[in-house]
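Generate coordinates for the entire structure from the input sequences, incorporating the hints supplied.
Chains as they are written, first to last, in the numbering used here: chain A, 102 to 361; chain B, 844 to 1066.
Be aware that a few hints might be false.
Chain B is nowhere near these chain A residues, computed Cβ spacing over 12 Å in every case [to be verified]: (1) Gly161; (2) Glu216; (3) Arg296; (4) Tyr355.
Residues on chain B that point at chain A, a partial pick, calculated with CB under 8 Å [to be verified]: (5) Ala954; (6) Ala962; (7) Asp972; (8) Leu974.
Facing chain A, according to a computed beta carbon distance under 7 Å, are these residues of chain B, among others [unchecked claim]: (9) Ala890; (10) Gln959; (11) Glu961; (12) Cys965; (13) Ile966; (14) Gly967; (15) Met968; (16) Ile977; (17) Pro980.
To be clear, the hints were calculated from the coordinates, so they are not data collected in a lab. Note that the structure is predicted; figures quoted are calculated from it, not measured. Glycine residues also receive a C-beta, built at the ideal position from the N, C-alpha and C atoms.
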Amino acid sequence: MSAPMIELSGVSKSFGSLQVLRDIDLSVDKSEVVCLIGPSGSGKSTLLRCVNFLESYDAGEIRIEGRLIGYEDRPGAPRRLMRGRELRELRCEIGMVFQHFNLWPHMSALQNVTEPLRRVRRLSAPEAAERAMQVLTRVGLAEKAASYPGHLSGGQQQRVAIARALAMQPRLMLFDEPTSALDPELVGEVLEVMRGLASEGMTMLIVTHEMGFAAKVADRIAFLDGGRIVEQGPPRQVFHESNEPRVRQFLQTYHDRNSF
Amino acid sequence: MSFEVLWRYAPALLSGFGITILCWGAGAAIGIAAGFGIALLQRLNFAPLGWLLRVYIEIIRGTPFLVQLFLLYSGGPFIGLRLEATTAGILGLGLYSSAYFAEAFRAGFSAVPRGQTEAAQCIGMNSFDILWRISLPAMLVATLPAIVNLLIILSKETVILSIITVPELMYQMQTMAAETFTAFDAIFAMAVFYWLLVETVSRLGYRLERRVTAYMAPATGAA
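This is how it looks when you write it as structure tokens:
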């Protein structure tokens, strides 16, 4: 049996005296879609950012298809940061989409997508442009290729950001509240693209507040609170059958806010 | 106001203006290059070097340009640095402005939103490409108004070079004023020359600023 796509075991992390992740165990198999939900400050985003080592972790292990990320894999020895080159090799297989898109404002949509293809994948300019146009077409933005991010709507910017990550042909994708910064009427177009990715078998780990989306698309939901995974399971179980008071209270608050 | 005197001294005044522009341009080029180098070295996070550069910046910013220029020109020979007046003037302006440019660039680098470099990091770009392709363009756009501002201030600091006998505009004006007793005309003519220079620089600056920010911050449209 092959290693899971993502495997966290006993991961802990503190910012100073504040412990944000406590002994997290979580694994995501190939083609699985896992949504992380929970109140703000529960550690969801930090957990996600540890997976591609944008944040370091203090204890435990995070493995991507069996390869330890962030540290040299030497059991028993004191931890040493992994070499920059190896970290970059691992990272370019992990696509990431941010809450605030983080497009490069001085580059057009097309250049945002071709830049990493040129610098990291070392594609020639025509090859990079061709692949970039393919992914931009796929997210429905071929005609916006020449536009700069400042001239695109939030939803369009986020789709360019997804295209930028997809063009690298990553083995898995991380989404950090991809729709939280969007106007309500723009959320749908981004979720639509994500739903398409899920149906094509992309492995996805998603931090989200879109409970409807999580319920429909996720194979598994993990609920975090206070840096711990309080409950995890299929959406039906977490959303409807949970006996965990914190989960029920969180969902109740969510429902109250969304019914008027 | 004696136009006859001004006309007689026109060649000297124009040559002085030329020297002013040369010293200003060359001094600013040195200052920008050195300031950029300092800002880059400060980003290495190597404490002793960072501390040294900090001391350099504080000393340059904390002392008058006049004093620095005297030390360079008159004190230089004591350590074997014998410079011609104009060379000393250019180098002096370069060293003086490097501290200010370094600070502008440092602030510019820290104004680049962290998300932009994170996006580059997590897609696997190396530090050099991130600096060159992502941080640098964003930093330059952010610092452009400050750089134009510094260039304007620096253009007027060139008058101090007259004190070490650089034959720039101020020097020529003083000569004219002393020889013809026309202090007011001299000062007035000088103001016109400087105003022309500053106006040109600031107009170019605005135009450049509009160009680089045109696509980054649309006047209308969705965020």
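Verification of the hints:
1. Gly161: holds, 20 Å
2. Glu216: Given that some Cβ of chain B is not farther than 12 Å from that of glutamate 216 of chain A, nearest at about 7 Å, it is violated.
3. Arg296: The claim holds: arginine 296 of chain A sits with its nearest Cβ about 23 Å from chain B, beyond 12 Å.
4. Tyr355: holds, 26 Å
5. Ala954: violated, 12 Å
6. Ala962: For alanine 962 of chain B, the interface hint holds, since the closest Cβ of chain A sits about 4 Å away, which is under 8 Å.
7. Asp972: holds, 5 Å
8. Leu974: With Cβ-Cβ at 12 Å, over 8 Å, it is violated.
9. Ala890: Check failed: Cβ of alanine 890 of chain B comes no nearer than 19 Å to chain A, outside 7 Å.
10. Gln959: holds, 6 Å
11. Glu961: Because about 6 Å separates glutamate 961 of chain B from the closest Cβ in chain A, which is inside the 7 Å limit, the hint holds.
12. Cys965: holds, 5 Å
13. Ile966: With a closest approach of 5 Å, the isoleucine 966 of chain B hint holds.
14. Gly967: holds, 3 Å
15. Met968: holds, 5 Å
16. Ile977: With a minimum Cβ separation of about 6 Å from chain A (threshold 7 Å), the hint on isoleucine 977 of chain B holds.
17. Pro980: OK, holds: proline 980 of chain B within 7 Å of chain A, min 4 Å.
Hints 2, 5, 8, 9 from the list above are not met by this structure, while the remaining hints are.
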